[in-house]
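> So you can see what is in the structure, the chains are spelled out below.
2 protein chains.
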Amino acid sequence: MAVLVVGSVALDSVETPFGKADNALGGSGTFFAASASHLTSVQLVGVVGSDYPMDQLRALESRGVDLSGVEQVAGSSFRWAGRYPHDLNSPETLDTQLGVFASFDPKIPERFQNPEFLFLANIDPELQLNVLKQVTNRPKMIACDTMNFWISSKRDQLVELLGHVDLVTLNDGEARQLTGTNNLVTAAKTILSYGPKYVIIKKGEHGALLFSEGKVFFAPAYPLETLFDPTGAGDSFAGGFIGYLAKTGDLSEENLRRAVIYGSAMGSFAVEKFSITRLMEVDKSDIESRVAEFKKLVEFEQEVNV
Amino acid sequence: MAVLVVGSVALDSVETPFGKADNALGGSGTFFAASASHLTSVQLVGVVGSDYPMDQLRALESRGVDLSGVEQVAGSSFRWAGRYPHDLNSPETLDTQLGVFASFDPKIPERFQNPEFLFLANIDPELQLNVLKQVTNRPKMIACDTMNFWISSKRDQLVELLGHVDLVTLNDGEARQLTGTNNLVTAAKTILSYGPKYVIIKKGEHGALLFSEGKVFFAPAYPLETLFDPTGAGDSFAGGFIGYLAKTGDLSEENLRRAVIYGSAMGSFAVEKFSITRLMEVDKSDIESRVAEFKKLVEFEQEVNV
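In order, the protein sequence lines correspond to chains A and B.
Residues 10 to 315 in the numbering used here are what the first sequence lists, from first letter to last.
Residues 10 to 315 in the numbering used here are what the second sequence lists, from first letter to last.
Since the hints were derived computationally from the structure, they do not count as laboratory data.
Be a bit skeptical, because a hint or two may be false.
In this list, chains with the same sequence are indistinguishable; a pair is considered to hold if it fits within one copy or across any two.
Said to hold, decoys possible - Here are the simulated DSS-like pairs of lysine-lysine, each with C-alpha atoms no more than 30 Å apart in a straight line:
#1 Lys256 x Lys29
#2 Lys224 x Lys305
#3 Lys282 x Lys142
#4 Lys198 x Lys29
#5 Lys116 x Lys212
#6 Lys282 x Lys29
#7 Lys198 x Lys304
#8 Lys163 x Lys282
#9 Lys149 x Lys212
#10 Lys206 x Lys29
#11 Lys293 x Lys149
#12 Lys256 x Lys163
#13 Lys305 x Lys256
All values derive from a computational prediction rather than experimental measurement.
Sequences are here, hints too, so could you generate the full structure?
Following this line, the structure appears as structure tokens:
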């Protein structure tokens, strides 16, 4: 089944303790598409400026990403520049230039208006709501992401959006900010009360938690010695997660758990190199091997009658 | 099999956002013993002052903890006072009075000199080395803990100690400090090169990692809504871990993984109330239920031939 993703398509300039990339492919839609395309076909909707290196982006087409919803308009592309400290925690933003993204008002092409899976990547919640209005049949699953900026500036619209989605992904800091509570279990319960059936709280190097009514699943982050650039890890996680659900078409809790592991695997690849480089290199057998390593990482047998 | 633990027996005054405890039982040896005693018999060696509430400590005897190695001498007991912030991360130390602990020089009673399992809780590495000299037969397993203070003030002695132990537990910050590297996988490899066969890196609310040559096991922290006071979580973890190994006498990698889960379960109980209160309340069925919940928390089936 196909996934429609609406998000940013940007150019990132990133500095980490290991090197520097200038104007490399970035943005939530780009990372999501590069990741999900390993598992299913992807339709990407976004906007870029006249300066965007479309030839580089078109590499995604060879993986089955339909780029016909990426509009190229006069002006500058969305550019972000950031620097990660030695511990690779939160980056310092050096520069943000929204460019044509500032007036992004996603128009979903008619042929994309009936998606089976829809991912609303991190954009203004008002735009996320507008996308929902353009979708003709209810997708099997609608998932969304967000960020601290929208939680503080457009909280009401975000909470309204959460009443319309099946699943939301957000990081631990955002979950705390949205709910005003430090305890993540309590935060997840509060977010579930806004409407979604599932909440995924991403904790970066500390893994991810999938919450549903009365249930919780935990997936560790893969213990990488080669962590290189954390940019895009969350969107790559979402791409692996939704991509796996779309591939299998199975929304059982058991399959959602597996999907979280696929998400974690794709996130772990994304951070091994700058931009989407590593996501474009790995193949099916790399992905299956890493999923198997996740299994080994947490596996233990409970002894009965100790 | 019995476990010998050498550590501090203290009085803690702790303030958390949820309440305050004054002069409650604390110390690494106390938490370890309260935890391990659910799984095996424990011999505790430590020192307290004439002011120590021995009647309260004796509650441990009903669980099979042999307190005859806890020396009571003239002077004040080791007292620590701390306050946890709203997010329950690292406490602010308000006061530390070493009292009789300042001149602690553990003498292992002859009847304890042949332990099958030995845990050297967080004390001066020189004293930990002295304890080793008093042990007549090589225990099946020697494990130790440490802290930032010893890493900076007695690094050489600590590294010497690591050449004599089978396993070391330390938290993520301490692992980074000891090795001068941010990446925990690299840090664990470096620590293994100092001698131990196993390294456990404790990440508090983010779980624990068990490293051995070329292998890693991850156990999450239990997602608690009732996290109350983190004091003693690490020593309770160690008590559950070593206690389970001593109970089963099995040092296979499979059993070490299970032991990490028992450690995580005991740590998760410890933080539900002040001091060792919760550790003294829980019973075998509570522990087995929590271990089963850990299993459910991480369980997923890998699909073959996707």
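> State for each hint whether it applies.
Taking the hints in turn, this is what the structure says about them:
1. With identical chains, the CA atoms of Lys256 and Lys29 are never at most 30 Å apart, being 35 Å at best within one copy and 52 Å at best between copies.
2. Taking the closest pair of Cα atoms, Lys224 and Lys305 come within 30 Å of each other both inside a single copy (23 Å) and across two copies (9 Å).
3. Taking CA atoms no more than 30 Å apart as the test, Lys282 paired with Lys142 passes in neither setting, with 37 Å inside one copy and 49 Å between copies.
4. Within a single copy, Lys198 and Lys29 get their C-alpha atoms only as close as 40 Å, which misses the 30 Å cut-off; across copies the closest is 27 Å, which meets it.
5. In the homo-oligomer, the alpha carbons of Lys116 and Lys212 never lie at most 30 Å apart, since the shortest distance is 32 Å inside one protomer and 45 Å across protomers.
6. When the C-alpha separation of Lys282 and Lys29 is checked against a cutoff of 30 Å, the pair qualifies only within one copy, where the shortest distance is 11 Å, while the shortest distance between copies is 48 Å.
7. In this homomeric assembly, Lys198 and Lys304 come within 30 Å of each other (Cα to Cα) both inside a single copy, at 27 Å, and across copies, at 21 Å.
8. In this assembly of identical chains, Lys163 and Lys282 lie within 30 Å of each other by CA distance neither inside one copy nor across copies; the values are 33 Å within and 38 Å between.
9. Taking the closest pair of Cα atoms, Lys149 and Lys212 come within 30 Å of each other only inside a single copy of the chain (26 Å); across copies the shortest separation is 37 Å, beyond that limit.
10. Taking the closest pair of Cα atoms, Lys206 and Lys29 never come within 30 Å of each other, the shortest separation being 40 Å inside a single copy and 37 Å across copies.
11. With identical chains, the CA atoms of Lys293 and Lys149 are at most 30 Å apart within one copy only, with a shortest distance of 25 Å there and 44 Å across copies.
12. Taking the shortest Cα distances, Lys256 and Lys163 never come within 30 Å of each other, neither inside one copy (33 Å) nor across copies (55 Å).
13. For a Cα distance limit of 30 Å, the shortest separation of Lys305 from Lys256 qualifies both inside one copy, at 24 Å, and across copies, at 25 Å.
In summary, the structure is inconsistent with hints 1, 3, 5, 8, 10, 12 from the numbered list given earlier, while agreeing with the others.
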